[in-house]
Amino acid sequence: MSTETERRVENLLARSKETLTINDSTTTSIQMARQSVPNVAVSKPESTEDDNAFKEKFNIELRDLQNSRKATPSARVMQSFREKLPAFKVKDEFLKAVADNQVLVVSGETGCGKTTQLPQFILEEEIERLQGAKCNIICTQPRRISAISVAARIASERGENLGETVGYQIRLEAKRSAQTRLLFCTTGVLLRRLVQEPDLGGVSHLLVDEIHERGMNEDFLIIILRDLLPRRPDLRLILMSATINAELFSTYFGNAPIIHIPGLTYPVAEVFLEDVVEKTRYRIKSEFDNFQGNSRRRRRQPSTKNDPLTEMFEDVDIDAQYKNYSMSTRQSLEAWDGTQLDLGLVEATIEYICRHEKDGAILVFLTGWDEISKLLDKIKGNNFLGNSSRFLVLPLHGSMPTVNQREIFDRPPSNVRKIVLATNIAESSITIDDVVYVIDCGKAKETSYDALNKLACLLPSWISKASAHQRRGRAGRVQPGVCYRLYPKVIHDAMPQYQLPEILRTPLQELCLNIKSLQLGAVATFLAKALQPPDPLSVKNALELLKTIGALDEMEELTPLGCHLCTLPLDPNIGKMLLIGSVFQCLDPALTIAAALAHRDPFVLPINRKEEADAAKRSFAGDSCSDHIALLKAFEAWKDAKRSGKERAFCWENFLSPMTLQMMEDMRNQFLDLLSDIGFVNKARGVKAYSQYGDDLEMVCAILCAGLYPNVIQCKRRGKRTAFYNKEVGKVDMHPSSVNAGVHLFPLPYMVYSEKVKTTGIYIRDSTNISDYALLLFGGSFMPSKTGEGIDMLGGYLHFSAPKSVIQLIQRLRGELDKLLQRKIEEPGLDIPAEGKAVVAAAVELLHNQNVYH
DNA sequence: GAGCACTGC
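Numbering-wise (the working numbering), the first sequence opens with residue 26 and increments by one.
Since the hints were made in silico from the structure, they are not lab data.
It is possible that part of the hints are untrue.
[Unchecked claim] So the derived label-pair ranges between C-beta atoms look like this:
1. Ala662 <-> Lys405: 43 to 49 Å
2. Ser413 <-> Gln504: 21 to 27 Å
3. Pro772 <-> Gln836: 24 to 30 Å
4. Ala78 <-> Lys470: 56 to 62 Å
[Unchecked claim] Capping the alpha-carbon separation at 30 Å, the derived lysine-lysine pairs in DSS-like fashion look like this:
5. Lys741 <-> Lys756
6. Lys470 <-> Lys403
7. Lys479 <-> Lys383
8. Lys383 <-> Lys490
9. Lys121 <-> Lys109
10. Lys811 <-> Lys783
11. Lys741 <-> Lys572
12. Lys565 <-> Lys811
13. Lys109 <-> Lys95
14. Lys80 <-> Lys116
15. Lys708 <-> Lys844
16. Lys811 <-> Lys844
17. Lys752 <-> Lys844
18. Lys752 <-> Lys783
19. Lys310 <-> Lys572
20. Lys635 <-> Lys405
C-beta atoms are modelled at their ideal positions from N, C-alpha and C, and glycine is treated no differently.
Produce the complete structure using the sequences and hints provided.
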């Protein structure tokens with residue numbers, strides 16, 4: 026286990042409600058267990074008879090050990106704690122239902138103990154009835170951190186070390202052994218395992234947790250499981266969900282029985298906008314108040330036309346509906362505009378709580394970086410809240426360097442009130458126990474996918490009732506709390522019940538590749554079996570992309586390239602970049618860039634030092650005009666700093682996240698192992714042996730082009746500036762966080778990019794400036810122009826004209842490169858340095874001669 | 001001329 030994980034587990038355990046003490050006698054019995062319990066995998070019995078005898082012995086040992094542990098004083102304390110959980114009351118009913126039904130749905134609220142107790146009940150029962158050796162329970166979690174913390178919690182409840190009968194496995198990290206009978210893993214790990222074991226042989230019970238969140242992996246998994254169940258009649262499937270949509274899953278599995286467990290959290294009172302305004306006497310001003318005197322009735326704004334909830338509220342007769350409220354409140358409700366958050370109202374609500382309510386931390390849910398930053402400024406300037414000796418105000422955002430700071434979890438000194446300004450990272454990923462007051466703005470940024478324009482969007486929208494409920498619950502973890510909702514009750518009542526499932530909100534290319542890899546049949550037919558099937562146009566777009574990059578053939582079958590891509594846990598474009606990078610002697614940079622693009626941006630976004638952070642990123646990019654090169658150089662500089670023991674200072678000075686960089690390094694190793702497994706590289710020879718052109722930036726950019734195609738932008742010079750155009754959506758802008766933002770002129774005529782997102786405009790998040798030679802040699806296939814002059818790419822969207830002789834030369838070279846690549850993909854063991862040296866050198870030569878702007 | 005929800009193999 027890495028020291029980072031150790032620290033995380035320690036923190037998690039420190040935060041869990043009970044302090045655990047394992048006394049000496051328990052420890053001794055575990056040590057005895059280590060000596061007496063044979064390692065199943067190592068000491069394999071030679072015949073079936075031996076095997077049976079061995080298992081019987083092991084069954085008895087497991088039971089005796091479990092019983093002896095139960096008898097210790099610390100275990101009794103633990104047991105009485107467990108018996109207080111609501112889940113304990115359904116233990117017998119649950120075990121009977123598991124025995125009687127192949128599929129069972131369990132619904133329960135936060136704090137009922139379903140995640141920690143139900144898998145444990147099965148384990149104890151199986152061991153008790155001498156089935157311990159045979160049973161193999163898997164419980165999936167959507168997030169890494171919960172897989173670790175739940176496994177750690179159960180191991181300590183059982184008085185044993187993590188990795189004995191209870192273990193976990195997440196990407197790049199596992200703590201399990203041959204004795205492990207209950208394994209917590211992320212859903213992604215189980216999906217990978219299905220490639221090797223399509224029938225989940227040996228698994229006796231599978232519990233899929235947090236299924237109500239409707240993540241893509243979970244939705245994908247349950248389609249597979251529904252088809253698998255008839256082939257595995259002995260497999261038991263338990264779906265664990267929040268109460269809110271348990272029936273949906275029951276119906277999907279042929280009306281599987283549902284067991285409900287009540288929650289165990291403190292009551293949280295709700296205050297809606299009308300009462301917030303009444304209490305705080307805050308006066309909401311409409312845009313018109315400044316220049317239209319007292320004209321009260323709002324007029325519909327064009328901006329509200331896509332927001333049915335706000336529109337609905339505009340038709341409410343305020344005076345009739347809120348006749349018991351004060352005149353000033355009714356005026357505020359008239360002026361309220363659901364399309365934008367009134368930060369003054371948030372500030373006033375915080376101030377009201379601080380002046381009138383008892384002690385307790387405040388958690389404010391906002392939509393993003395900008396709101397957090399602006400509210401922080403407002404609070405600093407507030408006469409009352411600005412007093413830093415009484416109020417500790419902390420921003421909490423996934424990209425802020427403060428995200429892992431202890432003070433977010435720690436209880437502040439008495440007389441200091443903690444106020445956390447967070448995104449929905451605090452809804453399920455990060456839990457702050459001492460929160461008593463929640464302020465909910467009612468919105469979150471949500472991805473959606475516009476299949477018509479092949480465009481990913483990230484726009485603020487109203488949350489679902491389920492999310493609103495989850496946010497409210499964050500106030501009731503240690504004592505009764507209050508949730509202030511900054512939207513009217515009628516808006517809440519009109520919110521959608523659940524958020525759209527992820528499978529309906531995301532591009533599907535990686536999912537489609539996985540479906541092919543698991544041999545689940547025709548993609549469209551398979552996906553039509555989903556709980557909520559995606560738009561056929563989204564599926565068509567994904568399949569077309571996979572064909573364009575050469576992963577699928579016209580018959581929708583995997584090509585050799587497609588087969589290799591399946592083994593890499595990466596988006597197909599990034600996987601292709603990695604494969605081609607390894608073929609063309611750019612393995613080292615390809616590994617780093619793939620890791621960065623697959624995980625998350627290592628650059629953090631500090632709240633007060635934005636300009637410095639921007640400058641740091643730009644200095645890594647140098648004059649490359651590439652965000653990808655900036656990532657690469659930052660990682661390499663971090664490696665150097667780490668070697669000289671200056672990692673911490675380096676990260677701090679350059680606005681980098683040490684945790685993300687470490688994860689990138691681990692992922693690089695995983696990719697290298699996988700490339701070695703499929704024979705593309707020989708790991709023993711080292712990364713350097715495949716990185717002859719690793720420092721050649723033209724070559725690295727060409728590799729990026731090979732991977733990221735068809736994500737291409739044309740740079741068109743417009744006077745002293747450059748305008749950017751894309752085939753699907755036309756004009757686009759460089760995202761302001763890109764090193765290419767604000768640059769007016771570029772040396773080369775094209776960009777490739779990894780992400781294009783619509784927010785307030787259509788932005789290219791990360792880009793690399795590339796030459797036309799890079800595009801011609803490493804981009805998509807090209808054809809002679811219809812006019813007979815020059816060549817076309819992207820169905821004629823891109824046109825290249827050059828003298829006939831140059832075009833012929835390029836065509837020849839491209840042909841040779843394609844042949845070389847094809848051979849390498851079909852026989853991965855092919856030694857490129859020996860076989861293709863001249864062709865590659867020719868390509869490099871050509872790329873070096875293209876630094877002329879035209 | 002101006003922006004960066006969150007997970008996961």
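Violations among the numbered hints:
1, 7, 10, 19
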